[in-house]
Amino acid sequence: MERAQILHIEGLSRRFGGLTAVSDLSFEIYEKEILGLIGPNGAGKSTTFNLITGVYRPHTGKLTFAGTDITGKKPAEIGRMGLVRTFQHGSILSELTVYDNILTGAYMFVRDAGARDRRVRETAELVGVSEMLGDLARNLPHGHQRLLSIGIAFASRPRLLCLDEPLTGLNGSEIGHALAVIQRIRDGFGTTVLLVDHNMHAVMRACERIVVLNFGRKLAEGTPDEVSRNPEVIQAYLGGGIT
Amino acid sequence: MHEIWGVAGLVAIALGLSLMLSDSYALKVVTWLSLNVLAAIALRFVMLVGELNIATAAFWGVGAYTAAIATVWLKLPFGVALVAGIVAPALLAVAFGFVTLRTKGPYFMLISFAFTEVLRLVYTQSDALGGNSGMIGVYPPRWLDGTYASLVVLLVGACLVGFLWLERSAFGKLMRAIENNDAVVASVGVPVLAIKIAALTIAAAAAGLGGGLFAHANRVISPGDFSFLVSVYALAYVKIGGEKHILGAVLGATFLTLLGQYVLSFGQYEHIYFGGAIVAAMLIFPEGMLGLLQRWGARLGLVRAPEPATSRGGH
Amino acid sequence: MELLAQLLANTLQIGAVYVLFALGLTLIFGVMKVVNFAHGEFFSLAALIVAASMPLLPAAFPSWLNYLVALAAAIAAVAVLGAIIYRIGFERYLRDLVGSFILSVGLILLLQGIMTEIFTASPRPVDAIVTGNVTVLGARITAQRLLIMALALLFTGLLYVVLQRTRLGKALRAASEDREAAMLQGIRYRTISLYGWLIGVSMAGLAGALMAPLSPIQPAIGADYLIKAFIIIIVGGLGSIPGAIVGGLLVAAIESVCGFYFDLTIATIFMFVLVMAFLLVRPQGLMGHVER
Chain A
1 MERAQILHIE GLSRRFGGLT AVSDLSFEIY EKEILGLIGP NGAGKSTTFN
51 LITGVYRPHT GKLTFAGTDI TGKKPAEIGR MGLVRTFQHG SILSELTVYD
101 NILTGAYMFV RDAGARDRRV RETAELVGVS EMLGDLARNL PHGHQRLLSI
151 GIAFASRPRL LCLDEPLTGL NGSEIGHALA VIQRIRDGFG TTVLLVDHNM
201 HAVMRACERI VVLNFGRKLA EGTPDEVSRN PEVIQAYLGG GIT
Chain B
244 MHEIWGVAGL VAIALGLSLM LSDSYALKVV TWLSLNVLAA IALRFVMLVG
294 ELNIATAAFW GVGAYTAAIA TVWLKLPFGV ALVAGIVAPA LLAVAFGFVT
344 LRTKGPYFML ISFAFTEVLR LVYTQSDALG GNSGMIGVYP PRWLDGTYAS
394 LVVLLVGACL VGFLWLERSA FGKLMRAIEN NDAVVASVGV PVLAIKIAAL
444 TIAAAAAGLG GGLFAHANRV ISPGDFSFLV SVYALAYVKI GGEKHILGAV
494 LGATFLTLLG QYVLSFGQYE HIYFGGAIVA AMLIFPEGML GLLQRWGARL
544 GLVRAPEPAT SRGGH
Chain C
559 MELLAQLLAN TLQIGAVYVL FALGLTLIFG VMKVVNFAHG EFFSLAALIV
609 AASMPLLPAA FPSWLNYLVA LAAAIAAVAV LGAIIYRIGF ERYLRDLVGS
659 FILSVGLILL LQGIMTEIFT ASPRPVDAIV TGNVTVLGAR ITAQRLLIMA
709 LALLFTGLLY VVLQRTRLGK ALRAASEDRE AAMLQGIRYR TISLYGWLIG
759 VSMAGLAGAL MAPLSPIQPA IGADYLIKAF IIIIVGGLGS IPGAIVGGLL
809 VAAIESVCGF YFDLTIATIF MFVLVMAFLL VRPQGLMGHV ER
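Which chain is which? The protein sequence lines are A, B and C, in order. By the working numbering, the letter at position 61 of the first sequence is numbered 61, and the numbering carries on one by one without gaps. By the working numbering, the letter at position 129 of the second sequence is numbered 372, and the numbering carries on one by one without gaps. By the working numbering, the letter at position 213 of the third sequence is numbered 771, and the numbering carries on one by one without gaps.
It cannot be assumed that every hint is accurate.
Said to hold, decoys possible - Here are the in silico distance ranges between beta carbons for each label pair:
| id | chain 1 | residue 1 | chain 2 | residue 2 | range |
| --- | --- | --- | --- | --- | --- |
| 1 | C | R746 | B | M244 | 48 to 54 angstroms |
| 2 | B | A413 | A | H201 | 37 to 43 angstroms |
| 3 | B | A269 | A | H142 | 31 to 37 angstroms |
By construction, these hints were calculated from the structure, which means they are not laboratory data. By construction, the Cβ of each residue, glycine as well, lies at the ideal position given by its N, Cα and C atoms.
Model the full structure from these sequences, guided by the hints.
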């Protein structure tokens, strides 16, 4: 059965100076799936992420989101269309309360004050920070800060949620909790999720499909099982060292 | 909400007190003090999005010149002159913000500085605006004889309450969020540039009102009144009073204005003493008087101790 | 042709002093992330010391020797004052844009007041160090201006070599590019920022000492240079050494051409309009990189 595409990436390239960070990259993300994007260090994951979300302009290629061409659009425009991301570093508003952090995510999407309040509380409950709504974000433990960053993004109820290394620095049980939150977001709201992370086991566990990058190109694509048996993928990771 | 009503109450008390004054020197001090508060809160409002807007002085000046032109040349009613002095700098702020607010931190600070000083050069070059000697005869209407200071207190008080209300609203929280991390705010669809321009425009309108009131209080304006030092003093009020709360600006303005009145008696040494006071205050209480009061209060067990100040680094 | 040569000579001559002044400012910003609004006061102080001490030095010596002695004394005074101000004040406001701004403006008021007390506000002319005119490519320049220009170029070159070649220079550049990475390499940030500050204010002092024989000196003179220096570093990019050099020459060129046909105030206004137009196209500055 052919599933509907939510994001179509075609022939994407970006150079920095003489270095090619991403080269002729094409893949699709389908509605309501959790797609993993992995690759050794320097494979171009972050660049791909920044190209999709409008932080960088691609030199060539085309991005189609929910049937609309979003190539060259600004991050805020893309965010308003329902493609929202988190950031690898500093993805929270550290000087604001947890409540105001999530409120920021909801601001453009819920106009009514009462509805906005409900949205904030529902989101806090979902990601598991509702006990600490009044605390300054910078005073939260690291694990909760990571969950909060997902909360800010999800408060906008995006159609495609892009998570940039959300598991970095988390311990085993925290990883389990974060993955459960991601599952709940997809299952409960039908949100599509793009997950980029270093933690191979976690990505294999959470995602239905995986795209592997190496040297800015697509190396392989398929189910976790297919990808992990792919000799080229094994070679790339042995060569570059699994991080 | 309690907080906003509380501040409104303070404004009402100040207004009542100003109505009881009749000594002309005291009324003058009340006028200067209120205008200094207005400059400080206008500057502070843009600080909420993380930018140091030295052009507060420029918008103050545009408001003053516009209101003066309306009163002196066009003989328009006082109220119309004040409104013109609000609208002109607000429009200018939209254009200025559109060009410059894509830069931030030190760049915006330097550009707003240059804008202020260049605008001052423009006044000196314009014969129509009186060149270096400026404009004279900017009289307030007769019916305000004796109550002009109270009108200033009322309008500044209204701005104070309005700014506090905005700061506590969802829009104000968004401003703080932009200061904190504009990339995150943009990622959830917020048009960051538009919000920064809106903040600058609101602040410029308030500064323009201040300039118009200043022109009619002083009766004479000249380019020298609108140098970047207006913004520097405003920032000194904010910093020395404490920037965490809008009342810090009131506290700082009160302290430094009264100190300034005292220092004026030193005549030519005025600059040395005022500069010295700013430097000393920066070194002695970097968290401002509000932080100091909070620390004392915490020692007595009345309030929570202040959180350690985080420095606002360059980008 | 002769006019062109004259304008070019003029540009180089003003430009050399602007470059020195702006280099100091941009160096301080790079390392300390502090905009030193009191930069002009160091310029004024050195110029005033040169102007005030020249008449006191023995007339028997050649005046160029007296000038060099006065110049050295002025720079030494600026460096000592700079060190004191750093220790008492700026050390606590490193990387704090707002705090350091208030501190440096407080210093403007304080230093300008003190200098007016000591040196009075009336302009002081300095007698010519060397006399005579030189004709280069049809442009007539006084020998004195040529000498000052040569000195300014020499010192700019010297600073450039120090920054590019020496260990101190490398540490300074590393600290301005990435403080954390520099600290990881064992560079002591506080020590380096003190050196950056001292070199920076000395450059301002040097520019002032070089200007002293060319125009009458009074305590507020440094402030005139500040706004142009800001335009230079906005265009050149904050913290960029090549940017300050290119920007300085560019501003000097606009000023000599505009100043020749109109006047200096119009030139400054025109420069600002250009900067605004420029920002519309390139918000990150001439030499700046795109952020992120």
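Hints numbered earlier in the text: which of these fail when held up against the supplied structure?
Checked against the structure, the only hint that fails is number 3, while the rest are satisfied.
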